[in-house]
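Trainee: Starting from the known structure of chain A, fit chain B onto it as the hints suggest.
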Amino acid sequence: MKIIVCINHVPDTEAKIKIGADGRTIDKAGINYMLSPYDEFAIEAALRLKEKFGGETLAISLGGDVHKETLRKALAMGVEKALLLKDDSPRDSDSIGRALAEEIKALAPDVVLFGKQSIDYSDELLPGLVAEHIGASSVTCVVKLDAQEKSFVCEREIEGGHEVVTAILPVVISTQKGLNEPRYPSLKGIMGAKSKPIEERQPKAFDSLVEVVAMSKPPAKQAGKIVGTDASAAAELVRLLHEEAKVI
Amino acid sequence: MKILAFAEQREGKFKKSAFEVTQAAKKLGGQLGMEVIAVVVGDSVSGIAGELGAYGAGRILTVQDPRLHFYSTTAYAKVIAEIARRENAGVILLPASQMGKDLAPRLGAKLNAGVAADCTALAVGGSDIVASRPIYAGKAMISVKVTSPVKIFTLRPNVFTASPVNGAASSVEACTVDLADADFSAKATSVKVAEGRPDVTEASIIVSGGRGMKGPEHFHLIETLADVLGGAVGASRAVVDAGWRPHDEQVGQTGKTVSPSLYLACGISGAVQHIAGMSSSKCIVAVNKDKDAPIFQIADYGIVGDVFEVLPALTAELKKTLGK
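Chains A and B are the protein sequences, given in the same order. Each residue of the first sequence is one higher than the one before, starting from 1 at the first, in the working numbering. Each residue of the second sequence is one higher than the one before, starting from 1001 at the first, in the working numbering.
Hints may contain errors.
Computed cross-link-like contacts, DSSO-like style, restricted to lysine-lysine with a CA-CA straight-line distance of at most 27 Å [to be verified]: (1) A:225 to A:246; (2) A:225 to B:1214; (3) B:1324 to A:246; (4) A:144 to B:1256; (5) A:144 to B:1192; (6) A:217 to B:1291; (7) A:18 to B:1145; (8) B:1291 to A:16; (9) B:1256 to A:217; (10) A:221 to B:1289.
Just so you know, the hints here were simulated from the structure itself, not pulled from any lab data.
Chain A extracted, bound-state conformation (with noise of 0.2 Å):
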């Protein structure tokens, strides 16, 4: 089985964001980055499929050198090989879409997989826009997978359920917290991706079809009302929220 996963390299959860001077992008300066956390989960879902049926992984990023980081942690966990699709330059999320589409046709694989969402943007456009580009079924948001040679029985959330999909391959995935428990890197696995290439190119470029008009930080929120300091004012904030706010 040839199993592709698509990772990226995003400010970490703790990361102050400040508006960059252009007021269309993020300021970088002193932010620290991480593997996004949904693409362990994808990184996982590839090792057990290999593990499951034999076959080849490859861990694609799309960005700039810094990615590499992100591909080494995908290295240690067990992936075979990394490639780097090296640009720098903002792209929307069809851009994105269609330059790793076009790397990944070429590749022919069975299985796609990615992070139910990139925490950045969180727009989870992707995983839809390559299957459609590469041609191949798709499920998103995973929480159980029954691989089969040719095809997978997936349980996807929806809201108040999951959705039981089969899919025929090749398949794109996406995956949620849920799917399965990611692996820590092997001390060995850690010292071994140090020294594995990283193959390096350059993604096509796309027109972009989604244009960012501006960036900004949220409107501050008035602090609230402290209606009191133990049970005795249940009453009031009962009172407040049937009278005053009318939400129930």
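Mentor: Just chain B now, with coordinates in the frame of chain A:
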């Protein structure tokens, strides 16, 4: 030019987001001088399609096929793209639900259309639609415009209003789209429904518990309060990671994003990852014994107190007020 509104239904019942999306389309249509067409896809939907008229759909198109009873990403995308081409739609609105988020990029790729995802506001400036939403877990806001001829927007559920107007004129038309077996390469075969309380992404009231609940055995306090309010139970990442609650209740950057009208955070300190998932709630109430907890900075109302005393009192008061 026309605006297409995808009205999501499951099991022959519209999702609330179907009305929100239709009404948002109606508003945009008014501002841009565009006709609004609602599209309903499923097995047996002609009976409910007319409900969309009250939310502003002049024309309602239904595509019925027994094979469309359960959702299929490939077949649904083909159907909607085909209708969009036939109708020469310039704008397509979908809910940012599990179905809409799954469909939007496939439609984008099929129609060479840019997608503005998970919008929390749409504004018209000249002939442009400017869409806004939070990014970086709510630490920043972004405004975008789609520059392709066909523009797709997904709207965050519970944010846009849906208020019916009786007596609006509308017509329902049945359409057909040819579907081959190959169009169902991914297809749902069943749905496992979680029994009981509503899902956090759809609930208008959420009662969430965090570390301050001190253990899974105390979550009955949260559940009882949620049940009195007819609301959903939510959880912070810490308690999900600790195995106290299932991950489908997790609210936050690595959980679900919610916008209920009332969000009660109980024993939740308000880590930035949590706030990311719930800051667009209309009214936020915090109960926490630490007066310096960051949750109080975004709460509309707060009680600085012990959850084990405050929650039972709150439940009792609500029962009185709501007559239960």
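Trainee: Each hint needs a verdict: does it hold in this structure or not?
Mentor: Status of each hint after checking the structure:
Proximity of residue 225 of chain A to residue 246 of chain A is assessed by CA-CA distance (about 16 Å); at most 27 Å being required, the pair is judged to hold. In summary, the hint linking residue 225 of chain A to residue 1214 of chain B is supported, as the alpha carbons are separated by about 26 Å, within the 27 Å threshold. Distance hint between residue 1324 of chain B and residue 246 of chain A is fulfilled; the C-alpha atoms sit about 18 Å from each other, no more than 27 Å. Distance check on the hinted pair: residue 144 of chain A and residue 1256 of chain B sit about 18 Å apart at the alpha-carbon level, within 27 Å; holds.
Of the supplied pair hints, the one linking residue 144 of chain A and residue 1192 of chain B holds, its CA atoms being roughly 13 Å apart against a limit of 27 Å. Annotation: proposed proximity of residue 217 of chain A to residue 1291 of chain B holds, straight-line Cα distance about 25 Å (limit 27 Å). Restraint check: the Cα-Cα separation between residue 18 of chain A and residue 1145 of chain B comes to about 22 Å, which is no more than 27 Å; the hinted pair holds. At most 27 Å may separate the alpha-carbon atoms for a hinted pair to count; residue 1291 of chain B and residue 16 of chain A meet this at roughly 23 Å.
For the proposed pair residue 1256 of chain B and residue 217 of chain A, the alpha carbon gap of about 21 Å is at most 27 Å, so the pair holds. Restraint check: the Cα-Cα separation between residue 221 of chain A and residue 1289 of chain B comes to about 21 Å, which is no more than 27 Å; the hinted pair holds.
Of the hints listed earlier, there is not a single one the structure fails to meet.
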